[in-house]
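Novice: Listed here are the chains, written in short residue letters.
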Amino acid sequence: MRAARRGATGLVVAAVIALAAAGCGQARGSGAQTAAGAAPRRLSVLAASSLDEPFRAAAAAFTDAHPGVAVDVSPAGSQTLVTQLAAGAPADVLATADTESMRAARDQGLVAPPRIVATNTLVVVTPAADPAGVGAPSDLARPGVRLVIAAPEVPAGRYARAALERLGIADAAAANVVSEEQDVRGVLGKVVAGEADAGIVYATDVTERVADQVRVVDLHTPEIVASYPVAVTRSSASPDLAAAFVAFLLDGRGAELLADAGFGPP
Amino acid sequence: MTGRGLSTGRLLAGLAALGVALCLVPLVALVARTPWVALPGLVRDTGAATALRLSLVTSTAAVAASLAVGLPLAWVLARVEFPGRSLLRSLVLLPMVLPPVVAGVGLLAAFGRTGLLGGPLAAVGVSLPFTAAGTTLAQAFVAAPFLVLALEAGFASVDRRLEDAAQTLGASRWTVWRTVILPAVRPALLAGVALCWARALGEFGATVTFAGSLRGRTETLPLAVYRQLQVDPSGAVALSVLLLAVSLALIVGLRARLAVPTR
Chain A
-9 MRAARRGATG
1 LVVAAVIALA
11 AAGCGQARGS
21 GAQTAAGAAP
31 RRLSVLAASS
41 LDEPFRAAAA
51 AFTDAHPGVA
61 VDVSPAGSQT
71 LVTQLAAGAP
81 ADVLATADTE
91 SMRAARDQGL
101 VAPPRIVATN
111 TLVVVTPAAD
121 PAGVGAPSDL
131 ARPGVRLVIA
141 APEVPAGRYA
151 RAALERLGIA
161 DAAAANVVSE
171 EQDVRGVLGK
181 VVAGEADAGI
191 VYATDVTERV
201 ADQVRVVDLH
211 TPEIVASYPV
221 AVTRSSASPD
231 LAAAFVAFLL
241 DGRGAELLAD
251 AGFGPP
Chain B
688 MTGRGLSTGR
698 LLAGLAALGV
708 ALCLVPLVAL
718 VARTPWVALP
728 GLVRDTGAAT
738 ALRLSLVTST
748 AAVAASLAVG
758 LPLAWVLARV
768 EFPGRSLLRS
778 LVLLPMVLPP
788 VVAGVGLLAA
798 FGRTGLLGGP
808 LAAVGVSLPF
818 TAAGTTLAQA
828 FVAAPFLVLA
838 LEAGFASVDR
848 RLEDAAQTLG
858 ASRWTVWRTV
868 ILPAVRPALL
878 AGVALCWARA
888 LGEFGATVTF
898 AGSLRGRTET
908 LPLAVYRQLQ
918 VDPSGAVALS
928 VLLLAVSLAL
938 IVGLRARLAV
948 PTR
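Each protein sequence line maps, in turn, to chains A and B.
By this note's numbering, the letter at position 160 of the first sequence is numbered 150, and the numbering carries on one by one without gaps.
By this note's numbering, the letter at position 61 of the second sequence is numbered 748, and the numbering carries on one by one without gaps.
Hints in this document: simulated from the structure, not taken from any laboratory.
Fair warning: there could be bad hints in the mix.
[Claimed, not checked] Residues from chain A that face chain B, not an exhaustive set, calculated with beta carbons under 7 angstroms:
id: 1; residue: 69
id: 2; residue: 70
id: 3; residue: 73
id: 4; residue: 74
id: 5; residue: 143
id: 6; residue: 168
id: 7; residue: 170
id: 8; residue: 184
id: 9; residue: 185
Backbone N, C-alpha and C fix where the C-beta goes; we use that ideal spot for every residue, glycine too.
Take these sequences, add in the hints, and give me the full structure.
Specialist: What follows is the structure, given as structure tokens:
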């Protein structure tokens, strides 16, 4: 009986040691991934979710231009990114889809002065089959149309509300909203899945990947323009490299990739 | 020998203390961070009352639905011999270990507008995504296994001789259920209900994936906490403390009830 109990204790101790060892091993492994000799350099970029694809392309191009530098792009709603940064998320660059979120980061002393790298406009998307018959923006106000937009805290949600206001259908469209998503890609997802009749997203969100799954309806609000400020974080361990990445987006290959993805010039 | 026993004892006690700390430190930190003076205002401004009401209504409905199908299911699993029973048991418990967001994707594939059953349902005018009913379904899907698991163990431990004796004495099937089986599984039933309820109350991933999130309609308290965290962390802390209090009340209330009849 006692022997058995001691055996069990030994097992617990062994398990704890094994876990601790595994933890150490992992930590050591991730640091030593890059080529021998050169110090591994990593840039972490927090990007508004609408920037996901062009930023990942820009990250790959940046790595080509700067061998030995890996760039991680982590997409989320701009307001989420600022919260993450404020909570101490390790990041070198912050890119938001509006100046308000960036100002919030500035006010908290989280980032250096930002530069606008791109602009964007809004469109209405419906599932390819268009179950509710949305032919014009005014159809968003027709009772029974299931509309999905981003939450008011999200830049895309704020722009969408401004656009509906401009069209004079804010109240009727608000009554049709069935879900508020935490980032613009959540809106697109609900439309692609066919659960929503319509959603309001950025023009650039309709990428090649989803182009045949959705129908685009012009929102006719060219005056509602999203601008994308990008800034180096105050907590960055490699601010020079981070600044180089921002410059790469402003007038390097990164700027070309943003234009290719349909973003407007700053 | 005794010295060695003592040191292993100490080691175990130390590890146990670490376990307690792991459970309690985040909760203590949450309470310590709570802006108590501003709390009433924060709770009011964040729309917490609406979210709480919705959470209570949907989770209660989810428990009721889980009971309606889970009780018979637990009985079948515990008492009826049939081929494939252990396979069925594993399948029924699967939602418990499934990542909730996967559960949500599965629910969309089944009950979404273009889903397997969603199309026929829509034809008769029933649409679950983006409704409180959808929220309830998602909660029941992930929470019901907790009830089934507890009840199955309860049914399996009922002394069959007592049932036989009651039947020999002329009791009807219903009387046996009422006087022998139900009192015997009562502790298991209450424990199962508590776990099922708490899980439904805290459900996030499956709910937001399947039913979306809209204030006043499908935004439950956990979804409100997440939204609030994006804009105002102190508001999120206030909502979290509210959810913590409700969960605590649930566990304490049911534990107290649990203890009385068994003593």
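Novice: Confirm or reject each hint.
Specialist: Against the structure, the hints:
1. A least Cβ separation of about 5 angstroms between residue 69 of chain A and chain B falls short of the 7 angstroms threshold, and the interface hint therefore holds.
2. Below 7 angstroms, beta-carbon pairs count as interface contacts, and residue 70 of chain A has one with chain B at about 5 angstroms; its hint therefore holds.
3. Residue-level restraint check for residue 73 of chain A holds (minimum Cβ-Cβ distance to chain B is 6 angstroms; threshold 7 angstroms).
4. Because the beta carbon of residue 74 of chain A sits about 10 angstroms from the nearest beta carbon in chain B, more than 7 angstroms, this interface hint is broken.
5. Because the beta carbon of residue 143 of chain A sits about 5 angstroms from the nearest beta carbon in chain B, less than 7 angstroms, this interface hint is met.
6. A distance limit of 7 angstroms between C-beta atoms decides the matter here; for residue 168 of chain A the minimum to chain B is near 4 angstroms, and the interface restraint holds.
7. At a threshold of 7 angstroms, the smallest CB-CB gap from residue 170 of chain A to chain B is about 6 angstroms, leaving the interface hint in force.
8. With a least beta-carbon distance of about 4 angstroms to chain B, the hint placing residue 184 of chain A at the interface is held under the 7 angstroms criterion.
9. Checking residue 185 of chain A against chain B by beta carbon gives a least distance of about 5 angstroms; that is within 7 angstroms, so the hint holds.
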